[in-house]
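K.L.:
Following the hints, complete the assembly by docking chain B onto the known chain A.
Residue numbers (numbering that gives the first Met the number 0), protein chains in the order written: chain A, 0 to 427; chain B, 0 to 427.
Hints are all accurate, no fakes.
Straight line, CA to CA, 30 angstroms or less: simulated DSSO-like cross-link-like pairs of lysine-lysine:
1. B/Lys126 x A/Lys174
2. B/Lys57 x A/Lys312
3. B/Lys299 x A/Lys302
Calculated from the model, a selection of chain B residues having no Cβ within reach of chain A, i.e. all distances over 10 angstroms:
4. Ser20
5. Lys242
6. Ile275
7. Ala337
8. Glu420
To be clear, the hints were calculated from the coordinates, so they are not data collected in a lab.
Ideal placement from N, C-alpha and C gives every residue a C-beta, glycine not left out.
2 protein chains.
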Amino acid sequence: MSALKDYSKEKLLFLKEELESQYNDYKAQGLKLDMSRGKPGSDQLAVSNGLLDAITSKDWEDDASNHSLEYRNYGLLTGIIECKEIFAKLLKVPVNNVIVCGNSSLNMMFDYITQCMLTGSGGKPWKDQQDIKFLCPSPGYDRHFAICEYYGIKLIPVDMTATGPDMDAVEELVKDPTVKGMFCVPKYSNPTGITYTPEVVDRIAAMTPAADDFRIIWDNAYIIHDLEEHGDKLDNIFDVLKKYGHEDMVIEFTSTSKISFPGAGVAVLAASDKNIEMIKSRMSIQTIGYDKLNQFRHVKFYKDVAGIKNHMKLHRNILAPKFKAVINEFENSLGKYAIATWTKPKGGYFISLDVMEGTAKRVYQLCKDGGVTLTTVGATFPYGYDPKDQNIRIAPSYPPVDELMTATKLLCICVKLAAIEKLLAEME
Amino acid sequence: MSALKDYSKEKLLFLKEELESQYNDYKAQGLKLDMSRGKPGSDQLAVSNGLLDAITSKDWEDDASNHSLEYRNYGLLTGIIECKEIFAKLLKVPVNNVIVCGNSSLNMMFDYITQCMLTGSGGKPWKDQQDIKFLCPSPGYDRHFAICEYYGIKLIPVDMTATGPDMDAVEELVKDPTVKGMFCVPKYSNPTGITYTPEVVDRIAAMTPAADDFRIIWDNAYIIHDLEEHGDKLDNIFDVLKKYGHEDMVIEFTSTSKISFPGAGVAVLAASDKNIEMIKSRMSIQTIGYDKLNQFRHVKFYKDVAGIKNHMKLHRNILAPKFKAVINEFENSLGKYAIATWTKPKGGYFISLDVMEGTAKRVYQLCKDGGVTLTTVGATFPYGYDPKDQNIRIAPSYPPVDELMTATKLLCICVKLAAIEKLLAEME
Numbered sequence: 000m001s002a003l004k005d006y007s008k009e010k011l012l013f014l015k016e017e018l019e020s021q022y023n024d025y026k027a028q029g030l031k032l033d034m035s036r037g038k039p040g041s042d043q044l045a046v047s048n049g050l051l052d053a054i055t056s057k058d059w060e061d062d063a064s065n066h067s068l069e070y071r072n073y074g075l076l077t078g079i080i081e082c083k084e085i086f087a088k089l090l091k092v093p094v095n096n097v098i099v100c101g102n103s104s105l106n107m108m109f110d111y112i113t114q115c116m117l118t119g120s121g122g123k124p125w126k127d128q129q130d131i132k133f134l135c136p137s138p139g140y141d142r143h144f145a146i147c148e149y150y151g152i153k154l155i156p157v158d159m160t161a162t163g164p165d166m167d168a169v170e171e172l173v174k175d176p177t178v179k180g181m182f183c184v185p186k187y188s189n190p191t192g193i194t195y196t197p198e199v200v201d202r203i204a205a206m207t208p209a210a211d212d213f214r215i216i217w218d219n220a221y222i223i224h225d226l227e228e229h230g231d232k233l234d235n236i237f238d239v240l241k242k243y244g245h246e247d248m249v250i251e252f253t254s255t256s257k258i259s260f261p262g263a264g265v266a267v268l269a270a271s272d273k274n275i276e277m278i279k280s281r282m283s284i285q286t287i288g289y290d291k292l293n294q295f296r297h298v299k300f301y302k303d304v305a306g307i308k309n310h311m312k313l314h315r316n317i318l319a320p321k322f323k324a325v326i327n328e329f330e331n332s333l334g335k336y337a338i339a340t341w342t343k344p345k346g347g348y349f350i351s352l353d354v355m356e357g358t359a360k361r362v363y364q365l366c367k368d369g370g371v372t373l374t375t376v377g378a379t380f381p382y383g384y385d386p387k388d389q390n391i392r393i394a395p396s397y398p399p400v401d402e403l404m405t406a407t408k409l410l411c412i413c414v415k416l417a418a419i420e421k422l423l424a425e426m427e
Numbered sequence: 000m001s002a003l004k005d006y007s008k009e010k011l012l013f014l015k016e017e018l019e020s021q022y023n024d025y026k027a028q029g030l031k032l033d034m035s036r037g038k039p040g041s042d043q044l045a046v047s048n049g050l051l052d053a054i055t056s057k058d059w060e061d062d063a064s065n066h067s068l069e070y071r072n073y074g075l076l077t078g079i080i081e082c083k084e085i086f087a088k089l090l091k092v093p094v095n096n097v098i099v100c101g102n103s104s105l106n107m108m109f110d111y112i113t114q115c116m117l118t119g120s121g122g123k124p125w126k127d128q129q130d131i132k133f134l135c136p137s138p139g140y141d142r143h144f145a146i147c148e149y150y151g152i153k154l155i156p157v158d159m160t161a162t163g164p165d166m167d168a169v170e171e172l173v174k175d176p177t178v179k180g181m182f183c184v185p186k187y188s189n190p191t192g193i194t195y196t197p198e199v200v201d202r203i204a205a206m207t208p209a210a211d212d213f214r215i216i217w218d219n220a221y222i223i224h225d226l227e228e229h230g231d232k233l234d235n236i237f238d239v240l241k242k243y244g245h246e247d248m249v250i251e252f253t254s255t256s257k258i259s260f261p262g263a264g265v266a267v268l269a270a271s272d273k274n275i276e277m278i279k280s281r282m283s284i285q286t287i288g289y290d291k292l293n294q295f296r297h298v299k300f301y302k303d304v305a306g307i308k309n310h311m312k313l314h315r316n317i318l319a320p321k322f323k324a325v326i327n328e329f330e331n332s333l334g335k336y337a338i339a340t341w342t343k344p345k346g347g348y349f350i351s352l353d354v355m356e357g358t359a360k361r362v363y364q365l366c367k368d369g370g371v372t373l374t375t376v377g378a379t380f381p382y383g384y385d386p387k388d389q390n391i392r393i394a395p396s397y398p399p400v401d402e403l404m405t406a407t408k409l410l411c412i413c414v415k416l417a418a419i420e421k422l423l424a425e426m427e
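Bound-form chain A, shown alone:
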């Protein structure tokens, strides 16, 4: 068999008829499947159930001298020390450069950008600067883009390459003093799954943007979320920044949302002394403290970094087969037609599927009508606009394997159908 683009009109029409028949069989099943969000499945939630038993009232009876007694009360704005120590080790930064908050790193990022808007990131408040912009490696994470859009910060797309953001473009763009920052998911990037290479991390750390209040949101969401025993390695950004004296340029975030529970985990940031001071001074007005009992629950459940890493193997055992199943189906069903490419990530939560240019929206619609919800096409690009109309973010984690396989099979049919429709239209 050869590439679909080399098919004659007759062969295309014949294949189309066959695929439409398969499509209608699926449609008749009245499916309701969802591959749209990077949401852990119930099998994954179950592996963290022990967290719910990690602290009980007994912990407050056995040892009245225990200082954790007071974790029930007000105070400890930046988090409990045992929890800060674990994250400091995980992120390889000093414990004083870590703040542990509530259940959502997205919330912490939103609050940080909000702080920059109203009180500045080091210079004038961003609200008082005209036409400010953010660099958005694309495809990227829609919720990052949404924060900027909400505040009227202009989104500048930068291409994601196989090694990280297109650094030639980034280095050029930061010469503009209205460019105030950049969103990065440096490891197992959402959705392409790539990890920034040491060279890219070094070029990022070495930058001297025209705006001296330029800030990088380093969203290390998938820091230990490997799908293979030997996952990708990401250089520690703060070590590299130090080389250049640029520690103030980056705020790093991570969370246990995809380690313990998405709804009830613990989120954390790491930053330079100066940035920590600015963030703390806002936090001291914002709250008396975050939920320290949930922090303590995590400490008791995981004990240390090794405990977290061991726990991640349980997630890997569930997730890896799902990713493998989807990728196998892509290879079997799409490979020979040369109409699509896809990533084979070593970690993270997504497979990035590039279908034939100009057909992603059509694929989305066909899937939707067939009963499979995909991530909205364009969502992975600033302003929801995929210039090539070709990227589809696949989230294999949530459905059980059998549903996932059904959804993937239907998806492959739709990818082929949309490609044939396009090729036939071009023949007119």
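P.N.:
This is chain B only, laid out in the frame that chain A set:
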């Protein structure tokens, strides 16, 4: 015995010597006592320990069809329905007008004011309006004032009376369109303990401020925090607002910080349909959802409003004797000298002590040197400035009764000493 101001110089000097001797005896003990913050004591924390056992991993084994299964995952931005229902009943508002968030109502207020700054409360963003102001019934809650100060919102003090804020003053002040809002603790007000009368609530609801984006932060922090079996009654603000069609003017907040655990409770807001929509649209960018497991923990522990009210009796049994002890000591030790007045609140967390004008700072310093930390004098007023230098906020909840009694005795000595010093100085 007569009022201290009628004492001769000789009698004052004699009494001073006696008090100084008592003061030095206390000082020699090297005390380290704290009456500064409205923080529950460990005896109060203990009554909520059952919350820690309210949900366990078993809840996720017994009934796989239970929809609470998914409370571990992402989603449900405005809170879990069972929790919203309880708070809707407690606040007497429809469930759709309630949002349950994380552990801190202060954080929710901060986020709301932030939202008003950046995107407006209904009109132009507050950041784009010049010289905006907030009314601050005083004495009041220092953390409310701090939010305004942080954003450069000018604080306008309004006198607290025995019935609520001085409404003649408020009605006059809201004629200024730069006055954008007001902070209220309508029940067991911090620190005076007074509850707004029906007339005051009605006058507040009836107001038509010149600024149509005027917003009242109705911080109902002590909604069921009675110290007596029959506590104060506060009219439901939303019922009264409805009479005037002014539902958009008020955002109500409360939390379980002083019901369950200060560090790990659940916070909630109630607002009009229009305000709920605006808040939700910000929240949908800010986070995927708050900690639903902690919400569920509270639902399982308290079950319903009656459960919460019963639980509050446990707090009352601990708190009421502490308040009584302090007030008795004031009566015995200060009463006859006519140099101070104090509140006898039916609920809340504070006793407001007015010492002789111009002596509060001196009392604070004497106490500090003697080993007792009081709330910073002036903290209960905008910009930390008490114009009469006479108000001291007493927080009796945190120390055990014996320590509380020691601290109160020392405080009374300091109140008398400072008054004598002042009277003697006036005789020079």
